[in-house]
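J.: Each chain, written out:
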Amino acid sequence: SQQGEEDPQALSIQEGENATMNCSYKTSINNLQWYRQNSGRGLVHLILIRSNEREKHSGRLRVTLDTSKKSSSLLITASRAADTASYFCARSPLYGNKLVFGAGTILRVKS
Amino acid sequence: GAGVSQSPRYKVAKRGQDVALRCDPISGHVSLFWYQQALGQGPEFLTYFQNEAQLDKSGLPSDRFFAERPEGSVSTLKIQRTQQEDSAVYLCASSSPRLAGGPPSTDTQYFGPGTRLTVL
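As given, the protein sequences belong to chains W and Z, one line each in that order.
Residues 1 to 111 (the numbering used here) are what the first sequence spells out, left to right.
Residues 112 to 231 (the numbering used here) are what the second sequence spells out, left to right.
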């Protein structure tokens, strides 16, 4: 079973709009990572944010982390049709090395 | 260098057959992970190796699942007597773990394209 949730489950926006996806978790973490998965393809790492960080940027991506609320958000600005994919947050627990994934958010960007 | 590679990319097996899935991690990566991804779900952890040592196999769903990494590089996930519920994409990932006294850990896991297993 997977711990935590992502919302929304699906998101459809127009090209140029911003997309925000949220991730909540239940147990303390070492870091939290966001991945993208295009249809039928492997997972591509987007960004990693550590438990002592609150915000991180990478290009059009902005990730925030609130450890007191056990939640994170991924913002994609000025979305493009090529951003259409499933997005997963993955928690790295305090102890152990595995990643714990949510069920993902399916993003569709319409051109 | 090249990323993580997996073979075969697609595998169709009849129920009861044994299958072997191969993973070639990024050269020099010490850690190797196997995940199972069911349709419409996120990946779920199966097992973890550090070099040739299997340090965590808590995610393996049954004793029909077996993984090995004998020389600390290539890994094989074997599923014996496959069942229909084994149908999924099997993902392999590798990473460089934090080293004591060393630079910050590159905890990022780099994933291969996966093997899609269909059991008929």
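Any given hint could be a false lead.
[Claimed, not checked] Covered stretches of chain W, going by a simulated chain Z footprint (3 or more residues, C-beta under 8 Å):
1) 9 to 22
2) 28 to 38
3) 93 to 107
[To be verified] No farther apart than 25 Å at their CA atoms in a straight line, the calculated lysine to any residue pairs in the SDA-like style are these:
4) Z/168 <-> Z/197
5) W/69 <-> Z/219
6) W/26 <-> Z/183
[To be verified] Over 12 Å on every C-beta distance to chain Z, these chain W residues come out as not near it, computed from the model:
7) 6
8) 57
9) 60
10) 62
11) 70
12) 71
13) 73
14) 77
15) 81
16) 82
17) 83
18) 86
19) 90
20) 111
If you are wondering where the hints come from, they were derived from the structure by calculation, not from laboratory data.
Ideal placement from N, C-alpha and C gives every residue a C-beta, glycine not left out.
J.: Against this structure, judge whether each hint is valid.
T.: Hint check:
{"no.": "1", "hint": "9 to 22", "in the structure": "violated (count 0)"}
{"no.": "2", "hint": "28 to 38", "in the structure": "holds (count 4)"}
{"no.": "3", "hint": "93 to 107", "in the structure": "holds (count 9)"}
{"no.": "4", "hint": "Z/168 <-> Z/197", "in the structure": "holds (17 Å)"}
{"no.": "5", "hint": "W/69 <-> Z/219", "in the structure": "holds (23 Å)"}
{"no.": "6", "hint": "W/26 <-> Z/183", "in the structure": "violated (33 Å)"}
{"no.": "7", "hint": "6", "in the structure": "violated (8 Å)"}
{"no.": "8", "hint": "57", "in the structure": "holds (17 Å)"}
{"no.": "9", "hint": "60", "in the structure": "holds (19 Å)"}
{"no.": "10", "hint": "62", "in the structure": "holds (18 Å)"}
{"no.": "11", "hint": "70", "in the structure": "holds (17 Å)"}
{"no.": "12", "hint": "71", "in the structure": "holds (17 Å)"}
{"no.": "13", "hint": "73", "in the structure": "holds (17 Å)"}
{"no.": "14", "hint": "77", "in the structure": "holds (22 Å)"}
{"no.": "15", "hint": "81", "in the structure": "holds (22 Å)"}
{"no.": "16", "hint": "82", "in the structure": "holds (18 Å)"}
{"no.": "17", "hint": "83", "in the structure": "holds (19 Å)"}
{"no.": "18", "hint": "86", "in the structure": "violated (9 Å)"}
{"no.": "19", "hint": "90", "in the structure": "violated (8 Å)"}
{"no.": "20", "hint": "111", "in the structure": "holds (25 Å)"}
Hint compliance for this structure: hints 1, 6, 7, 18, 19 are not met, and every other hint is.
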